[in-house]
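> The listed protein sequences correspond, in order, to chains A and B. If you're matching positions, the first sequence starts at 0 in numbering that gives the first Met the number 0 and goes up one per residue. If you're matching positions, the second sequence starts at 0 in numbering that gives the first Met the number 0 and goes up one per residue.
Watch out, some of these pointers could steer you wrong.
Identical chains blur together in the list; that is why a pair holds if it fits in one copy or across any two.
The calculated SDA-like cross-link candidates involving lysine to any residue, where the alpha carbons are at most 20 Å apart (straight line), are [to be verified]:
1) K57 to G77
2) K118 to S60
3) K57 to G309
No lab work stands behind these hints, which were simulated from the structure alone. Small disclaimer: the values here were computed from a predicted structure and weren't measured.
Protein chains: 2
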Amino acid sequence: MGDPSTTTRRGELTAEQSAALELLRRSSRCLLVGHMRPDGDCLGSQGALARGLLHLGKQVSIVNPDAPAAVYDHLGRGLAYGVFDGRLPEHDLAVLLDFNELSRTGPMAPLLERASSRKLVVDHHPYHGRPWWDASFVDVSASATGVLAWRVLRALEAPIDAAIASAVFTSLVTDTGWFRYSNTDAETLHLAADLIARGVEPAALYSGLFQRRPADEPLALAAVLARLEYFADGRLAVTDQPLGNGGAPPLEDGDPVLDLLRSVETVEVVLYLRELEPGQCKLSARSKGTYDVNALCRRFGGGGHVKASGATIAGTLDDVRRRVVGAALEGLAGHGGHAH
Amino acid sequence: MGDPSTTTRRGELTAEQSAALELLRRSSRCLLVGHMRPDGDCLGSQGALARGLLHLGKQVSIVNPDAPAAVYDHLGRGLAYGVFDGRLPEHDLAVLLDFNELSRTGPMAPLLERASSRKLVVDHHPYHGRPWWDASFVDVSASATGVLAWRVLRALEAPIDAAIASAVFTSLVTDTGWFRYSNTDAETLHLAADLIARGVEPAALYSGLFQRRPADEPLALAAVLARLEYFADGRLAVTDQPLGNGGAPPLEDGDPVLDLLRSVETVEVVLYLRELEPGQCKLSARSKGTYDVNALCRRFGGGGHVKASGATIAGTLDDVRRRVVGAALEGLAGHGGHAH
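Required output: the full structure, derived from the provided sequences and hints.
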C-alpha cells in the first residue's frame with residue numbers, strides 16, 4: 000500500500016511550496032526561528048525540521064526570542080534550543096516557523112530584517128499583507144505548523160526517527176487541544192497514527208506535557224473557584240483572583256479555571272479576572288459557542304479571537320468585575336444561545 | 000488505494016471470528032445486550048452494530064440492565080436503547096458487547112442463560128474461564144469494543160452512515176481517555192481519522208460528552224480541593240468530602256478531583272475519601288506510575304486495578320483518612336518512585 004503519509008494523501012505541492020523546498024535543498028546553513036513565548040507547535044516544528052535537516056547533512060541552529068517552557072524538555076534531547084543573546088548565528092537561510100510577521104520575533108526582528116540571508120516562512124496562520132519573504136510553505140487549512148514541517152521533511156526524503164515523530168506529535172496535540180478542537184481533521188489523526196507506529200507513546204507524552212502542574216495549583220484553584228458567580232441562568236460564569244488570592248497560593252495560569260468553567264453544561268461565556276496590582280486587572284474571556292468575546296474585550300481595549308480574548312483594564316477588582324459582567328450581559332441578552 | 004479501514008489493515012480474521020460473522024449473517028432477530036451502568040464504549044458499540052444490522056435488513060433490539068447516561072443521548076437518535084423491564088424481546092441471537100461474564104448483565108443474566116437463543120460475545124477484555132458462548136469476536140489488543148464492532152460491520156459489508164461513525168468514535172474516545180491512555184494505538188487513530196472523514200466532528204462530540212458538567216460542580220470541587228494535603232514530598236495527595244461538603248454543594252463525581260490531583264507533577268498517588276454516611280467512607284485511589292493502589296485498597300476490603308481502585312471503609316472520616324494515609328505511606332516508603 001506504500002506509505003500512508005500526509006504528503007502522499009494530499010497529493011501535489013503548489014508551485015510556491017516547490018520553490019520553498021528547492022530553497023531548502025540549496026541552503027547549507029539553516030537558522031530556525033520561532034516566535035516569542037514559543038508554544039508546542041512552534042517548538043515541535045523546529046525540533047522536527049532541525050533533526051531532519053541535520054540528517055540531510057546541513058548545518059542547523061535554532062534560536063528563539065524566549066526559552067522553551069520546561070514541559071518541552073523532551074524536544075531538546077540532543078538538540079540545542081538557543082535563546083537570542085543579541086547576535087544571530089551565521090546562516091544563509093532563515094526558516095521562520097509558526098508565524099508570519101517578523102515582529103513576532105521581538106528583539107530578533109531588526110537583525111533578521113538586516114541579515115542578508117534568504118527568508119522562508121513555514122506557517123498555517125492567515126496573512127493578509129504583502130509577502131516580505133523569499134519563499135513560503137503555507138497551508139492555512141493545516142491543523143498545526145507541525146503538519147507542514149512533516150510535509151517538508153517527507154518531500155525532502157529526510158530520514159524520520161522517533162525524536163522527529165515525537166516532535167511532530169507535540170505540535171499536533173498542542174494546536175488541536177489534544178485532538179479536541181474543531182481543527183482536528185482526518186489528516187491530523189492519520190498523521191498521529193503514523194507517528195505512533197514510529198514509536199510515539201501518547202500516554203507518556205500526555206503525562207510529560209500536561210501532568211506537570213505545580214503542587215500549589217489545586218489550592219490556588221480552590222480559592223478562585225470559590226469566588227464563582229453565575230449570571231443569565233448559568234450562561235455566564237464569572238470568577239476572579241484578588242491580590243493575595245484570599246490567603247491561598249497565587250494561581251499563575253488561568254487555563255485550569257477557564258477549562259473547568261467551560262465544561263459546565265449551561266455555560267456559554269467565561270470571564271476570569273486577575274488583579275495584577277492595585278487598580279489594574281487582567282481579563283481572560285472564553286466562549287463555548289458563537290458569542291464573540293473578542294467584541295467584548297475590544298470594548299475594554301483588548302482583543303483576540305471570537306472564542307478566546309483578553310484585556311488589561313484599569314480599576315479596582317470589584318469595579319472591573321461589575322463593568323465586564325454588565326457588558327457581557329448586554330451582549331448575551333441580544334444573543335441566540337448555544338451554537339449546538 | 001482502496002479503503003484504509005482497520006479490517007483491511009489488520010488482514011485476516013481468525014477462524015473463531017469468521018464463525019462469529021457467519022452466525023450473525025444467519026441470524027435475523029438480534030438482541031444487543033450491554034453491561035450494567037453501560038459506558039460509552041458499550042453504548043457506542045451497540046449503537047454502531049445495531050444501525051449496521053438494521054441497514055442489512057435484520058430486526059434489532061437493544062436492551063441493557065441500566066439506562067444510558069444523558070451524555071450519550073446523541074447515540075439514541077432514531078434508535079431505542081431499551082432498559083430491562085423483566086422480559087427479553089424475542090430473538091434468535093443475543094450479541095453481548097463489551098463484557099464476557101453474564102453476571103455483568105445483573106438481573107438479565109438468569110433470563111439470558113435460560114433463553115434458547117445463540118450467544119455471541121464481542122469484547123476486548125481478557126477472559127480466563129471456560130467459553131460459555133456459541134461464538135465470539137474477541138481481540139484483547141483492541142483499544143475499545145467499538146473497534147471490534149467496526150471490524151464486524153466492515154466484514155459484513157454493512158452500509159456505514161454518519162451515526163455509525165459517531166457511535167464508533169464515542170467508543171474509541173471513551174476507552175482511550177480521548178486518545179490519552181497507553182492503549183491508543185495506530186489502528187485507533189487511523190480509524191478515528193476515517194470516522195472524521197465520514198462526518199464526525201470531534202469538537203462537537205467532545206462538548207457533548209465532556210462539557211455537560213453540573214453548574215454546582217465547580218463550587219463543590221473548590222470545597223474538596225481546599226481540604227488537600229500532601230505527604231512524602233508531594234508524592235501522595237489526599238483530600239476528602241465530609242457529609243455536607245463544608246456548606247458547599249455535594250460533589251457527586253470524584254473524577255474531576257482525581258484528574259486534577261493526578262496532573263500535579265510530584266504526585267504519584269491520589270487518595271480521595273467521601274463520607275457516605277456517619278461511620279462509612281468511600282475511598283477512591285489512583286496511581287500515576289507503578290505504585291499499586293489495588294494492593295492498598297485490598298488491605299481495606301476493596302480492590303480494582305493497579306492504577307485505579309476503591310474501597311468502602313467503616314469509621315469516621317478523620318479516622319479513615321489517618322488509616323489510609325498511614326497505609327499508603329508504608330507502601331510509598333518501600334517504592335522506587337516515578338515510572339518515567
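> All hints, please: hold or fail.
Now for the hints, and whether the structure bears them out:
In this homomeric assembly, K57 and G77 come within 20 Å of each other (Cα to Cα) only inside a single copy, at 16 Å, whereas the closest approach across copies is 59 Å. When the C-alpha separation of K118 and S60 is checked against a cutoff of 20 Å, the pair qualifies only within one copy, where the shortest distance is 15 Å, while the shortest distance between copies is 63 Å. In the homo-oligomer, the alpha carbons of K57 and G309 never lie at most 20 Å apart, since the shortest distance is 42 Å inside one protomer and 55 Å across protomers.
Going through the hint list in order, the structure does not satisfy hint 3, though it satisfies all others.
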